[in-house]
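There are 2 protein chains.
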Amino acid sequence: MSSKIKPIKSVSLVEQVEQRILEFLKENRFKSGDSLPGEIELAENLGVSRNIVRESLSRLRMLGVVESKKRKGMFIAEPDILSGIERIMDPDLLGEEAMQHIFELRLVLEVGMSELLFIRKKDSDIVKLQEIVDREANDPLCKTDLQTRLAYEIEFHSYLYKMSGNGTLNRFQSMLLPVFHFMMQQESKAAAEPKRGSISHNDLVETLRNGTAYEFRENMRNHLTPHFSKLS
Amino acid sequence: MSSKIKPIKSVSLVEQVEQRILEFLKENRFKSGDSLPGEIELAENLGVSRNIVRESLSRLRMLGVVESKKRKGMFIAEPDILSGIERIMDPDLLGEEAMQHIFELRLVLEVGMSELLFIRKKDSDIVKLQEIVDREANDPLCKTDLQTRLAYEIEFHSYLYKMSGNGTLNRFQSMLLPVFHFMMQQESKAAAEPKRGSISHNDLVETLRNGTAYEFRENMRNHLTPHFSKLS
Numbered sequence: 194m195s196s197k198i199k200p201i202k203s204v205s206l207v208e209q210v211e212q213r214i215l216e217f218l219k220e221n222r223f224k225s226g227d228s229l230p231g232e233i234e235l236a237e238n239l240g241v242s243r244n245i246v247r248e249s250l251s252r253l254r255m256l257g258v259v260e261s262k263k264r265k266g267m268f269i270a271e272p273d274i275l276s277g278i279e280r281i282m283d284p285d286l287l288g289e290e291a292m293q294h295i296f297e298l299r300l301v302l303e304v305g306m307s308e309l310l311f312i313r314k315k316d317s318d319i320v321k322l323q324e325i326v327d328r329e330a331n332d333p334l335c336k337t338d339l340q341t342r343l344a345y346e347i348e349f350h351s352y353l354y355k356m357s358g359n360g361t362l363n364r365f366q367s368m369l370l371p372v373f374h375f376m377m378q379q380e381s382k383a384a385a386e387p388k389r390g391s392i393s394h395n396d397l398v399e400t401l402r403n404g405t406a407y408e409f410r411e412n413m414r415n416h417l418t419p420h421f422s423k424l425s
Numbered sequence: 194m195s196s197k198i199k200p201i202k203s204v205s206l207v208e209q210v211e212q213r214i215l216e217f218l219k220e221n222r223f224k225s226g227d228s229l230p231g232e233i234e235l236a237e238n239l240g241v242s243r244n245i246v247r248e249s250l251s252r253l254r255m256l257g258v259v260e261s262k263k264r265k266g267m268f269i270a271e272p273d274i275l276s277g278i279e280r281i282m283d284p285d286l287l288g289e290e291a292m293q294h295i296f297e298l299r300l301v302l303e304v305g306m307s308e309l310l311f312i313r314k315k316d317s318d319i320v321k322l323q324e325i326v327d328r329e330a331n332d333p334l335c336k337t338d339l340q341t342r343l344a345y346e347i348e349f350h351s352y353l354y355k356m357s358g359n360g361t362l363n364r365f366q367s368m369l370l371p372v373f374h375f376m377m378q379q380e381s382k383a384a385a386e387p388k389r390g391s392i393s394h395n396d397l398v399e400t401l402r403n404g405t406a407y408e409f410r411e412n413m414r415n416h417l418t419p420h421f422s423k424l425s
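Those protein sequence lines, which keep their order, are chains A and B. Start counting the first sequence at 194; every next residue gets the next number (the numbering used here). Start counting the second sequence at 194; every next residue gets the next number (the numbering used here).
Next up, chain A with everything else stripped away, as it sits in the complex:
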């Protein structure tokens, strides 16, 4: 039993209508592609103005629950759990703590996804990763220019998410990218010479080619040591 009495939360009419529409959709087992009752009908049944209904639908559209088609009205969409995050994932808008959490999340995901990579890797993925690594090795700017180095870093690691075969994971990381990028820049500015782990991108590709999920997981953990060692 909870020991604290919960405060009464003031909920706006728009939020209540949003909630009621969501419940209505669930109770009636609406599926993606089904068309929604019209604004007028909803407003009448809910006993609220059309403006309120319109605003609630706008919020549900933003959550990816419904979508509107021109001259055809509103339809149930395949909900998109990540649509809201995308808009605000900006280092300028996030606080320091949120940024730190997101950066840690990156480390957790990359160590944890080894298994998915080994289940779904294709020969063409290895070829593509090797191509990135070779380009990185032969680019003279990599030694001197931080931005160039970060760009290869991001290209390599982003490809791994893509390989995971998990669209949600892949989109999640593409949203987190601005934060990763910002944090890596901060880290690099702080250190005289940016540290590298003992395991290189090239080693990781070799492990994907001939190693096991277990070996890749530990190699990735070592590759990320410069980041892990900063956590407390």
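Just so you know, these hints were derived from the structure itself, not from any lab. Keep in mind that the hints are not guaranteed to be accurate.
Put simply, identical chains are the same to the list, so a pair is met inside one copy or across any two.
[What the hints assert, rightly or not] Keeping only pairs whose Cα atoms sit at most 25 Å apart, straight-line, the calculated DMTMM-like set for lysine to aspartate or glutamate is: (1) 355 with 411; (2) 423 with 411; (3) 224 with 260; (4) 315 with 290; (5) 423 with 408; (6) 321 with 237; (7) 219 with 289; (8) 224 with 289; (9) 224 with 290; (10) 423 with 324; (11) 219 with 329; (12) 224 with 348; (13) 262 with 208; (14) 382 with 232; (15) 382 with 208.
The structure displayed is predicted, hence computed values, not measured ones.
Use these hints to put chain B onto chain A, whose structure you have.
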């Protein structure tokens, strides 16, 4: 260079206003706690109706970018990257593919977060986990009742997220819980006898107590084998 020409995306006035307000906040380096210009002022400057501004602000409030205080107007909130997800994380609303992705995400996170656990574990955490494990071992219903077993399963694993010391990770998992729960029920129904990995919850606590992050990661991987073995 992209090889495909991008389709023109129709953007509603509300969405345009939302975007402009977001840009305005970033450009002027608004920080959480700052108060926002009033609706009338925004409407005048943007050259749109107050209704449009109100609807845009409602969407930004839903994203957690702004918050309204009674009789004090709108303020910049600490943005909450997870607020939108929470509302739609419902097995009834998600498609099968999204559910599968989220379930995989759980496996990735739990294997990957070992390092955070070892950096942040406290003696009291181990005591708490041992208490859950003991309760589970002594509960006769565990052998016969699926719901009881799932409840312990979820209590144990949820506590690990809490221990990670990463609030974003912890809240993320509490949102994903309904999906985890649904998927585990489906799995259990499919199998005559629900499988367990060779590593028990008790083994995991013992590893947290006396082992290393490396050992915990591999033990967690083994603990989750029944789930991993279903992936393709």
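When no copy is named, should residue 224 and residue 348 be tagged within, between, both, or neither for a Cα gap of at most 25 Å? Classified as neither; 37 Å inside a copy, 31 Å across copies.
Between copies, within a copy, both or neither: which fits residue 423 and residue 408 at Cα up to 25 Å? both (23 Å within a copy, 21 Å between copies)
If the cutoff is 25 Å on CA atoms, where do residue 224 and residue 289 land: within, between, both or neither? Let me know, please. Between copies only: 12 Å across chains, 39 Å inside a chain, cut-off 25 Å.
25 Å Cα threshold - placement of residue 289 relative to residue 219: Between. Shortest inter-copy distance 16 Å satisfies the 25 Å Cα cut-off; intra-copy 37 Å does not.
Cα distance capped at 25 Å. Does residue 219 pair with residue 329 within a copy, between copies, both, or neither? neither (50 Å within a copy, 34 Å between copies)
With identical chains, the pair residue 423 and residue 324 could be close in the same copy or across copies; at 25 Å between alpha carbons, which is it: within, between, both, or neither? For residue 423 and residue 324, the Cα distance exceeds 25 Å both inside one copy (31 Å) and across copies (32 Å).
At 25 Å max between alpha carbons, let me know whether residue 315 reaches residue 290 within a copy, between copies, both or neither. between (38 Å within a copy, 21 Å between copies)
Is it within, between, both or neither when you check residue 262 against residue 208 at 25 Å Cα-Cα? Answer is both; intra-copy 23 Å and inter-copy 16 Å each pass.
Measure nothing new, just compare the shortest in-copy and cross-copy C-alpha distances for residue 321 and residue 237 to 25 Å and report within, between, both or neither. Classified as neither; 57 Å inside a copy, 52 Å across copies.
Using 25 Å as the alpha carbon limit, work out where residue 224 and residue 260 are close: within a copy, between copies, both or neither. within (13 Å within a copy, 32 Å between copies)
Intra- versus inter-copy proximity for residue 411 and residue 355 (alpha-carbon distance at most 25 Å): Close inside one copy (20 Å) and across copies (24 Å); limit 25 Å.
I want to check one pair: residue 382 and residue 208. Are their C-alpha atoms no more than 25 Å apart within a copy, between two copies, both, or neither? Intra 44 Å, inter 37 Å, cutoff 25 Å: neither.
This entry does not satisfy hints 6, 10, 11, 12, 14, 15, going by the numbered hints stated previously.
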